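Novice: Single-letter residue listing:
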Amino acid sequence: MLKEIWRERVSYVFILPIIVVYFVFSIYPILTTFHLSFYDSKIVRLGPFVGLQNYRDVLTNASFQQAFVNTIVFTFVSTAVILAVSVVLAVLVNLPYVKLKTLFKVIFFLPVVTSAVATGYTWKWMYDPTFGIVNSFLSLLGLPGPNWLSDPDVAMISLIIVNVWKWIGYFVVILLANLQLIDDDFYDAAAIDGANALQRFFHITIPLLRMAIGLCTVLGIVAFMRAFALVFVMTQGGPDGRTELMVTLVYKEAFGTGLLRIGFSAAASIILFAFIMGFTLLSNRITKLRV
Amino acid sequence: MTIRGRTAGPWIKISIYSVLVVVSLLLAFPYFWMVITTFKPPDEVYTSEIRLLPSRFSLGVYPKLLSNPELPVARFFLNSLIISGGCTLVSVGTAVLAAYPLARRPLRGRRLAYLLIISTMMVPGEVVIIGMFSLIKSLHMINTYQGVILPLAVYAIIFLVIYNYIYQLPRELDEAAIMDGATMGQILLRIIIPISRPAIYSATLLAFLHAWQNFTIPYILTLSQEMYPLSVGALFTESTLYATMQETLSLTTILTVPTLLLFLLTQRFVFSGITSGAVKG
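Protein chains in written order, with the numbering used here: chain A, 1 to 291; chain B, 1 to 281.
Since the hints were made in silico from the structure, they are not lab data.
Be aware that one or more of the hints could be misleading.
As the list claims (entries may be wrong) - Below 30 Å or equal to it, Euclidean Cα-Cα: the simulated DSS-like pairs (lysine-lysine) are: (1) B/Lys13 <-> A/Lys105; (2) B/Lys13 <-> A/Lys99; (3) B/Lys40 <-> A/Lys252; (4) A/Lys42 <-> B/Lys137; (5) A/Lys252 <-> A/Lys42; (6) B/Lys40 <-> B/Lys64; (7) A/Lys101 <-> B/Lys13.
What the hints assert, rightly or not - Reference excerpt, derived from the structure (chain B facing chain A, CB under 10 Å, subset only): (8) Lys13; (9) Val45; (10) Thr47; (11) Ile82; (12) Ala95; (13) Pro106; (14) Leu107; (15) Ile117; (16) Thr120; (17) Pro124; (18) Met132; (19) Pro151; (20) Leu152; (21) Gly181; (22) Gly185; (23) Gln267.
What the hints assert, rightly or not - Residues of chain A clear of chain B, computed beta-carbon distances all greater than 10 Å: (24) Gly51; (25) Ser63; (26) Gln65; (27) Thr102; (28) Asn147; (29) Asp151; (30) Pro152; (31) Ile160; (32) Thr257; (33) Gly258; (34) Arg285.
These numbers come from a predicted model, not from an experiment.
Quick reminder that beta carbons are idealized off the backbone N, C-alpha and C, glycines included.
Modelling step: build the complete structure from the supplied sequences, incorporating the hints.
Specialist: Here it is, written out as structure tokens:
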């Protein structure tokens, strides 16, 4: 065995840099976070060991509970809406007689290559109740414009709209690449059997896209559960904590308020990480099932 | 006979194109509005009437912004370039080196190394801000370029794009070279890297876009204006300097336009990178 390893020594040298960088700057920080979650620490100096006390504090904390519910709503509503819209868009763009496929794909993808900060500020000002163009358009149609970001009942919906806007293109591109793999024969056979467009969509397209839809679901959940910049820029978690997400709460507790509750924030991070890991593994299992 | 509706009646075509065009307009409009707003004279910015084009072209607040000593926009831009360039170099470099042996050599611990790399996808920067801050602080890398570049360089998608590409290359390519007694370094430099250029381009673009857009990592790990990239600079401008709408949007325009142009010029490689590994039959 040693001989085998020696013979491939150059290979190991080649692999070493990525392993070192990825371990030190990703795996090690999550281990540190896990470690800190059992101590009552301020900033980086380790405080007394408190066992599961931080987890108890987090789980019984009203702000955390609200942030948790908000994160789940933000993540799942965004994912569901984006999936529904992007499946339809991908199917339409993929129709054989639709021209300019690349142009549509490029336009749909523009928000994906825009930073969340730029997206957040642009929309924040478009939502502005006084100068914002969204309400100007609505009043043109004779509709009353809400206070998009300061009305507690509307703010979360406003953020989800922006998030959907930002990520539709990503899903469309992935779904489109998978649609292009579907053999035309399936559709020809179905058409000969007299299946109409809707029947073909539900009985051929959707089942054959199952894996891609599963993949998009995982990508969406993992990307949206960790959302930070968009919300931080647009609402800072307000009004009344109605748009507070888990990451914005972690940030505030650790760095934002001067309380420097490192142990508390670390425990909240670990809970978030457990959810992300759980959903990733679960979705991997579901999408790997072959019927 | 028409099969699968390979053709469609004019009304169906019109409605399909209408849907696609309306969605395109909704998705592109905010950029148009963002950029146009920065070139409007101030009295046309702060109004509730809808004016899609400015009545006269104005340089907006750009001259003022760029000459404001409290707000080193050029420095923000340079920092963004350094951070994104450094992150691209580290993430693509380490990925190319590792992808070849992991994809093609019968190594012990191959699976373990692969899993370690992939599992970092479940640990995004936002989830480990506490541990990351404590690590970077103990490495004395707070407020340094390397302290931002190295955390951002952990981006497993880059590795996957290159790995997937090298994995599907025909085995004969390097087997012949091994028979001729070529070393690993020679095979990588003369055969694998030249033939994998499309994947390396894709990975390079994705890494650059990823680092340019990121906000959380530099926000937590930098402390002073001289180190801020544009994304953090925009927040600093709005929250600390109480910038006007036009000033903030000017900064987000400077933040957005370079990556949009880069994407428009290279969209083919960006798309092939995004869908590499995301296409499952």
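Novice: The structure should be examined with respect to each hint, and the outcome stated for every one.
Specialist: Cross-check of the supplied hints:
no.: 1; hint: B/Lys13 <-> A/Lys105; in the structure: holds, 18 Å
no.: 2; hint: B/Lys13 <-> A/Lys99; in the structure: holds, 11 Å
no.: 3; hint: B/Lys40 <-> A/Lys252; in the structure: violated, 36 Å
no.: 4; hint: A/Lys42 <-> B/Lys137; in the structure: holds, 14 Å
no.: 5; hint: A/Lys252 <-> A/Lys42; in the structure: holds, 14 Å
no.: 6; hint: B/Lys40 <-> B/Lys64; in the structure: holds, 14 Å
no.: 7; hint: A/Lys101 <-> B/Lys13; in the structure: holds, 14 Å
no.: 8; hint: Lys13; in the structure: holds, 7 Å
no.: 9; hint: Val45; in the structure: holds, 7 Å
no.: 10; hint: Thr47; in the structure: holds, 7 Å
no.: 11; hint: Ile82; in the structure: violated, 17 Å
no.: 12; hint: Ala95; in the structure: holds, 6 Å
no.: 13; hint: Pro106; in the structure: holds, 8 Å
no.: 14; hint: Leu107; in the structure: holds, 6 Å
no.: 15; hint: Ile117; in the structure: holds, 6 Å
no.: 16; hint: Thr120; in the structure: holds, 4 Å
no.: 17; hint: Pro124; in the structure: holds, 5 Å
no.: 18; hint: Met132; in the structure: holds, 4 Å
no.: 19; hint: Pro151; in the structure: holds, 5 Å
no.: 20; hint: Leu152; in the structure: holds, 9 Å
no.: 21; hint: Gly181; in the structure: violated, 14 Å
no.: 22; hint: Gly185; in the structure: holds, 7 Å
no.: 23; hint: Gln267; in the structure: holds, 5 Å
no.: 24; hint: Gly51; in the structure: holds, 18 Å
no.: 25; hint: Ser63; in the structure: holds, 17 Å
no.: 26; hint: Gln65; in the structure: holds, 19 Å
no.: 27; hint: Thr102; in the structure: violated, 8 Å
no.: 28; hint: Asn147; in the structure: holds, 14 Å
no.: 29; hint: Asp151; in the structure: holds, 18 Å
no.: 30; hint: Pro152; in the structure: holds, 22 Å
no.: 31; hint: Ile160; in the structure: holds, 15 Å
no.: 32; hint: Thr257; in the structure: holds, 15 Å
no.: 33; hint: Gly258; in the structure: holds, 15 Å
no.: 34; hint: Arg285; in the structure: holds, 14 Å
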